[in-house]
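Colleague: This is what each chain is made of:
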Amino acid sequence: MAGLVARDVSVTYAGVGRATEALSGLDLAVADGEPVALIGPSGCGKSTLLLLASGLLAPCAGDIAVGGEPVRGPRLSTALILQDFGLLPWKTVLHNAALGLEVRGVGRVERRERVAASLARVGLAEFADAYPGELSGGMRQRLALARALALDADLLLMDEPLSSLDALTREDLQDLLLELWRQRGHTSVLVTHSIEEAVFLGRRVIVLSPRPGRVTAVVDNPRMGETGYRETAEFYERCAELRRLLAAEGALGPDAGPARPGPAEEGAHPATACAPEASS
Amino acid sequence: MTGWRRKAVGYAGATVALLVIWQLGSLAVDSRALPGPVPALAAFAGSFATELWPHLVSSSWRVLAAMTLGTVLAVPLGLLVGRSPRADAVFAPLIFLVYPIPKVVFLPVLLVLLGLGDASKIVLITLIVFFQLLVTARDAARAIPPGSVLSVRSLGAGRADVFRHVVVPAALPDIFTALRIGTGTAVAVLFLSESIGGRLGLGYYIVDAWGRLAYDAMFAGILAMALLGVALYELLELAEGRLCRWTRVGR
Ligand SMILES: Nc1ncnc2c1ncn2[C@@H]1O[C@H](COP(=O)(O)OP(=O)(O)OP(=O)(O)O)[C@@H](O)[C@H]1O
Ligand SMILES: [Mg+2]
Numbered sequence: 001m002a003g004l005v006a007r008d009v010s011v012t013y014a015g016v017g018r019a020t021e022a023l024s025g026l027d028l029a030v031a032d033g034e035p036v037a038l039i040g041p042s043g044c045g046k047s048t049l050l051l052l053a054s055g056l057l058a059p060c061a062g063d064i065a066v067g068g069e070p071v072r073g074p075r076l077s078t079a080l081i082l083q084d085f086g087l088l089p090w091k092t093v094l095h096n097a098a099l100g101l102e103v104r105g106v107g108r109v110e111r112r113e114r115v116a117a118s119l120a121r122v123g124l125a126e127f128a129d130a131y132p133g134e135l136s137g138g139m140r141q142r143l144a145l146a147r148a149l150a151l152d153a154d155l156l157l158m159d160e161p162l163s164s165l166d167a168l169t170r171e172d173l174q175d176l177l178l179e180l181w182r183q184r185g186h187t188s189v190l191v192t193h194s195i196e197e198a199v200f201l202g203r204r205v206i207v208l209s210p211r212p213g214r215v216t217a218v219v220d221n222p223r224m225g226e227t228g229y230r231e232t233a234e235f236y237e238r239c240a241e242l243r244r245l246l247a248a249e250g251a252l253g254p255d256a257g258p259a260r261p262g263p264a265e266e267g268a269h270p271a272t273a274c275a276p277e278a279s280s
Numbered sequence: 281m282t283g284w285r286r287k288a289v290g291y292a293g294a295t296v297a298l299l300v301i302w303q304l305g306s307l308a309v310d311s312r313a314l315p316g317p318v319p320a321l322a323a324f325a326g327s328f329a330t331e332l333w334p335h336l337v338s339s340s341w342r343v344l345a346a347m348t349l350g351t352v353l354a355v356p357l358g359l360l361v362g363r364s365p366r367a368d369a370v371f372a373p374l375i376f377l378v379y380p381i382p383k384v385v386f387l388p389v390l391l392v393l394l395g396l397g398d399a400s401k402i403v404l405i406t407l408i409v410f411f412q413l414l415v416t417a418r419d420a421a422r423a424i425p426p427g428s429v430l431s432v433r434s435l436g437a438g439r440a441d442v443f444r445h446v447v448v449p450a451a452l453p454d455i456f457t458a459l460r461i462g463t464g465t466a467v468a469v470l471f472l473s474e475s476i477g478g479r480l481g482l483g484y485y486i487v488d489a490w491g492r493l494a495y496d497a498m499f500a501g502i503l504a505m506a507l508l509g510v511a512l513y514e515l516l517e518l519a520e521g522r523l524c525r526w527t528r529v530g531r
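If you're matching them up, the sequences are chains A and B in order. Note that my numbering has the first sequence beginning at 1, numbered continuously upward. Note that my numbering has the second sequence beginning at 281, numbered continuously upward.
I should point out that these hints are in silico values taken from the structure, not numbers from a laboratory. For every residue, glycine included, the Cβ atom is placed at its ideal position computed from N, Cα and C. Hints are not guaranteed to be accurate.
Derived contacts from chain B toward chain A, CB cut-off under 10 Å, selection only [unchecked claim]:
1) I381
2) V384
3) P425
4) S431
5) T527
6) R528
So the derived label-pair ranges between C-beta atoms look like this [to be verified]:
7) V352(B) - G137(A): 38 to 44 Å
8) R460(B) - T20(A): 48 to 54 Å
9) L176(A) - V352(B): 44 to 50 Å
10) P426(B) - A248(A): 33 to 39 Å
11) G438(B) - V16(A): 24 to 30 Å
12) G521(B) - G137(A): 26 to 32 Å
13) G107(A) - R525(B): 22 to 28 Å
Here chain B stands alone, though its shape is the one from the complex (with noise of 0.2 Å):
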C-alpha cells in the first residue's frame, strides 16, 4: 500500500502548504474579513457540530441528488446520440444551439417555479451538469475507434453487446474528467442558489455570517463548503480508479 502512504504524504503536504499560504496571506492582508486559520478553524470546530451540520447535510444532498441526476440522464442520451446518425440529426442542432446558453441564468426562473427549497437548486445543476456530460458523452462515443466496433461485431455482437463491450467502457474515462471538471461548477452554482433564496445551505450560512459580520463563522461555512468540493471530487477518483483500472496501465 505504498500508493496510499505517498498520496497521504501528498495530502498532508499540500494541506499544510495551504495553511501556511492562508496564515501569510491573512496577516498581509491585515484585515477581518480574512481571518487566518487558527480563529477559522476554531470556529469551524466549534459550530460544526451544532450550526453547521444541517447546512453541510443539505448543501451536500442537493449536489450529490443534482450530479447524479445529470448522470444518469446524460450518460445514455449522450452515448446513444454519438452512435447513431439518425438520432444525432435530431439531437446535435437542439444541442449546439442550447449548451452556449449560461443555464445560470434560468436560477429566477426556477426559484419562482420551484420556490426557495431544494427543487430549483437541484433543477438548476442538473441542467448544468446534463448539458456538460452529454456533449461530453456524444464526443466520446463518436471517438471511438471503429476497430473496436469491427472486432466485437466480427464476434457477433449485436448493438447492445456493442455498447456494454465498447461504447461505455471507451468513454467511460472521458465521462469521469467531465464530472470532476463538472464538480467545480456544481459547487459554485450551489453556493450561488443558496446564497440568493432559502435559509438552508451553506451558501446561505455564508452570506448570513457575512451580513453578520461575522467572519469567523463566515469561514467556517467556506471551509465546510470547500471540503464539499474536495470530497465529491475524491468520490470520482475513487470509482475511476475502480471502474477504469486500465488507464493506470503503462504509467
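Here chain A stands alone, though its shape is the one from the complex (with noise of 0.2 Å):
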C-alpha cells in the first residue's frame, strides 16, 4: 500500500537573503499502484513536492502521507531519484547501487545478488567497477535507477530521470521505466518537462501552476501502458491537449495572478516561513 495524498501543503524556502514560497495549497491524490506524471514550469515546486513526499522535507502546512501513514522522515520503501541523480562519485558503479541497500543493513551477499540484478536490468553489469565520473549521462541516468531498483521500493519519486538524454536513448530507458511498472506495480510518480513522456508514463498527467505550486489541470490518459501507444492517434491527441494547457498556464504567467508583493508573510498561513530541516 503505498498511495500518495498530499493535502493543502505549502512550503516557504527561508532562504539566505529572500523566502521563497515554493508551494501554496497544493492538493494532490496518487493511487497505490497508480503511475502519475508531474509537469510545470521551472521553479513551481516539482522537485520541492518529491522531497515532502520522500520525506526529506517537512510541509510548512498541511500534511503528506503515503500508504495511509503520515510521513515523518525518509520511508524505508521509498526510492528516491533526485533531478542531478545524487550519485556519489567516490563510490563505484557497484557500491552506488549497493548504498540503500548497505544503509538499511542488508546482509554482503544478499546485497551484491540484488545489486547485481538490478545492474543487470539497466544493462551496466560490465561497468560494475566504473567510478560515476567514467559514465555517458545516460549510464548516469540509468545507475540511478538501478540504486532505486535494488531498493524494490513500492513507492518510487523520480525528478526528471530523463533529461539531457539524446531522443533514441530517451525513448529507450521511458520502455524500461514503462516495463518495470507493468512488471512491479509500483506507484510511480514521474517529474518531467517532456509533454510525450508525460503522456508516454503517466495514466494521469498533473499540470502544476506557475510557483508557488498548485494542481491546475490533471489530463486522464486511459491508454498509457498499452504497446504501442505512442504510435497511436490518441497519445497525440492527448499530448495537443496538455500542450493546450501548458500555453494556456504560460500566457496567465507568473504576474498575472494575485499580486504577491512581499514573499512569504502574505500566505493563508501565519508561519509560513519555515525553513527545510537541517541537513545532514
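Could you fit the two chains together into a complex? Lean on the hints.
Modeller: If you want it as C-alpha cells, here you go:
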C-alpha cells in the first residue's frame, strides 16, 4: 500500500536573503500502484513536492501521507531519484547501486545479488567497477535507476530522471521505466518537462501552476501502458491537449495572478517562513 | 606499470637536474659553507650508518607521531564542526581567534614545561598540524553539495551513515592537500625546535656540525632532513592514491 496523498500543502524556503514560497495549498492524491506524471514550469515546486513525499523535507503547512501513514522522515520502501541523480563520485557503480541496501543493513551476500540483478536490468553489469565520472549522462541516469530498483520500493519518486538524453536513448529508457512499472506495479511519480514523456508514462498527468505551485489541471490518460501507445492517434491527441493547457498557463504568466508583493508573509498560513530541515 | 616507469624516469631526471644546479651553485659561490654534491654525498654515505642514523630515527619518529596525532585529533573535530551548526557556533570563534596565532612562538614555553626531549617537539608540531587540518576539515565539510547528503538520506541513512558515505570521502582530498602542505611546515618546525633544545635529532646534528665548521657533515644532515620531507610527502601521495582513487577519473 503506497498511495500518496498531499493535502493543502505549503512550503516556503527561508533562503539566505529572501524567502521563496515554493508550494501553496497543493492537493494531490495518487492511488496505490498508479503511475502519474507531474509537469509544470521551471521553479514551480516539483522537486520540492518530491522532497516532501520522500520525507526529506517537512511542509510548513498541510499534511503528506504515504500508504495512509503521515510522512515524518525517509520511509524505507520509498525510492527517490534526485534531479542530479545523487550519485556519489567516490563510490564505484556497484557501491553506488548498493548504497541503499548497505544503509538499510542488508547483508553483503544478498546485497551483491540484488545489486547485480538491478545493474543487469539497466544494462550496466559490466561497468560495476567504474566510477560515476567515467559514465556517460545516460549511464548515470540508468545507475540512479538501478539504485532505486535495488531497494525494491513500492513508491518510486523520479525527478526528471531522463533529462539531457538524446531522443533515442530517452525512448529506450522510457520503455524500460514502463516495463518496470508493468512488472512491479509500484506507485510512480515522475517529474518531467517533456510532454511526450508525461503522456507516455503517466496514467494521469498533473499540471502545476507557476510558483507557488498548485495543481491547475489533471489530464486523464487511461490508455497509457498499452503496447505501441506512442504511435496511436490518441497519444498525439493527449499530447496536444497537454500542450494547450501548458500554453494557456504560460499565457497566464506568473504575474497575472493576485499580486504577491513580499514573499511569505502574505500567505494564508501565519507561520510559513519555515526552513527546510537541517541537513545531515 | 608504465605509470611507475614514467614516475621513476621523472624522479631520476629531477634528481640529476638538482645535482647539476647544486654543483654549479657551489662552484659559483666558492665557499666552504656550500660544498658540492660529491663531498656532501660522500659525508652522507660515510656517516649515515654511524652518526646520522640515530638522529634521523629520532626526527622521523617525532614528525610522524606529531602529524598522526594532529590528524587524528583535528579531522573528526573539524568535520563535526563543519556539519553541525550548533557545534560551529561554539567552536568557530575559538578557531578564528587561535588559528592566526603563530604556534611556534610557544616553543620556549613548551621547552620549559616539557623539557628538551621528544615531548616538547611533538606537542609543538601537533599543535600546528592540528589547526591547519581543523580549518581545512571544517571548510571541506561545509562545502559538501547538499545533493549528495540528500540522496544518501533519502536512502534511509542516519547521521553516522552520512558521515561514513558522504562527509568523510568528500573531505578526504582536501585533507590530503592540507597534510601535504603541512609536511613542509612540520619539517621546518622540527628543524627549529631541534636546533634550539636537546642533543638528538637532525636539527641538532646540522647546527652542531655548523658550530664545529664541519660543513660536509652539516650538508649530510641537510640531505637527511630533505629526504625525510620527501619521504613524508611520498607516503601521503601513496595513501591518497589508495584512498582517493576516484579523483583520477578523467585524467
Ligand atoms: N533549498 C532552497 N532554498 C531556497 N529556495 C529554494 C530551495 N530549493 C528550492 N527553492 C526555491 O523554491 C522554488 C521551487 O523549487 P523547485 O526546485 O521545487 O522547483 P522545480 O519545479 O523542481 O523546478 P525545475 O523544473 O527547474 O527543476 C524555486 O523558486 C526555488 O528557487
Ligand atoms: Mg526540479
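Colleague: Confirm or reject each hint.
Modeller: Against the structure, the hints come out as follows:
1. Among the interface hints, the one on I381(B) is violated; its C-beta lies about 31 Å from the nearest C-beta in chain A, farther than the 10 Å criterion.
2. At about 35 Å, the closest approach between the beta carbon of V384(B) and any beta carbon in chain A exceeds 10 Å, and the interface hint on this residue is violated.
3. Interface restraint check for P425(B): the shortest CB-CB distance to chain A comes to about 8 Å, inside 10 Å, so the restraint holds.
4. Taken as an interface hint, S431(B) checks out: its beta carbon lies about 2 Å from the nearest beta carbon of chain A, inside 10 Å.
5. Among the interface hints, the one on T527(B) holds; its C-beta lies about 8 Å from the nearest C-beta in chain A, closer than the 10 Å criterion.
6. Look at R528(B): its Cβ gets to within about 9 Å of chain A, closer than 10 Å, so that hint holds up.
7. One distance hint, 38 to 44 Å for the beta-carbon pair V352(B) and G137(A), holds here, with the actual separation near 40 Å.
8. For R460(B) and T20(A), the hinted distance range of 48 to 54 Å is not satisfied, since their beta carbons lie about 42 Å from each other.
9. Distance hint check: the CB atoms of L176(A) and V352(B) are about 47 Å apart, consistent with the given range 44 to 50 Å.
10. Range check, P426(B) to A248(A): about 35 Å between beta-carbon atoms, so the 33 to 39 Å window is met.
11. G438(B) and V16(A) have their C-beta atoms about 27 Å apart, which keeps the hinted 24 to 30 Å range intact.
12. Look at G521(B) against G137(A): about 28 Å separates their beta carbons, and that is inside 26 to 32 Å.
13. The hint said 22 to 28 Å for the Cβ distance between G107(A) and R525(B), and at roughly 25 Å that hint holds.
In this structure, the hints that do not hold are numbers 1, 2, 8, in rising order.
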